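J.: Residue numbers (the UniProt record's numbering): 1 to 152.
The hints are simulated quantities; they were obtained by calculation from the structure and are not laboratory data.
Bear in mind that the values here come from a model prediction, so they are computed numbers and not experimental data.
Treat the hints with care, as some may be off.
Claimed, not checked - Here are the in silico distance ranges between beta carbons for each label pair:
1) L133 to L81: 23 to 33 Å
2) A119 to E148: 19 to 29 Å
3) G122 to H147: 15 to 25 Å
4) N46 to K111: 18 to 28 Å
5) C103 to E63: 20 to 30 Å
6) P136 to P82: 36 to 46 Å
Built from N, CA and C at the ideal position, the CB exists for glycine as well.
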Amino acid sequence: MAPSQRPLLPLLLLLLPLPPPPPFARAQDAARANSDRYAVYWNRSNPRFHAGAADDGGGYTVEVSINDYLDIYCPHYGAPLPPAERMEHYVLYMVNGEGHASCDHRQRGFKRWECNRPAAPGGPLKFSEKFQLFTPFSLGFEFRPGHEYYYI
């Protein structure tokens, strides 16, 4: 790495705040139907991942609620393609707080997604996470309000 290049710190913190108590049941039912969608471009050109980009020395924090979505867009290159060794490839892990602090996926982490097709013909790979209490999918993940979730 050239001395002038800043290291990329691909850290993402997701916060699930505790929801406020609903005033009555109908408002709660309406809130369940609403969701927000957040996009994260997981590549070295995203300034939010550069060292010093956040108060904690780098990283990216997104505050989400139950039923929200997070879309992760992988690096993508169009024609003319750069040399293969310059294309970005990432493996994204979901880790606990210790794994996030040490940037170590072996701290109770598991592989969540792999950005391994930077020249895909249809555009960038996109992975979507829905923050839900219960999942119908065997490989889905269940999230709890008031907890923090980390991707590295």
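J.: Check each numbered hint against the structure and report the violated ones by number, ascending.
T.: Hints 1, 2 and 3 not satisfied by this model.
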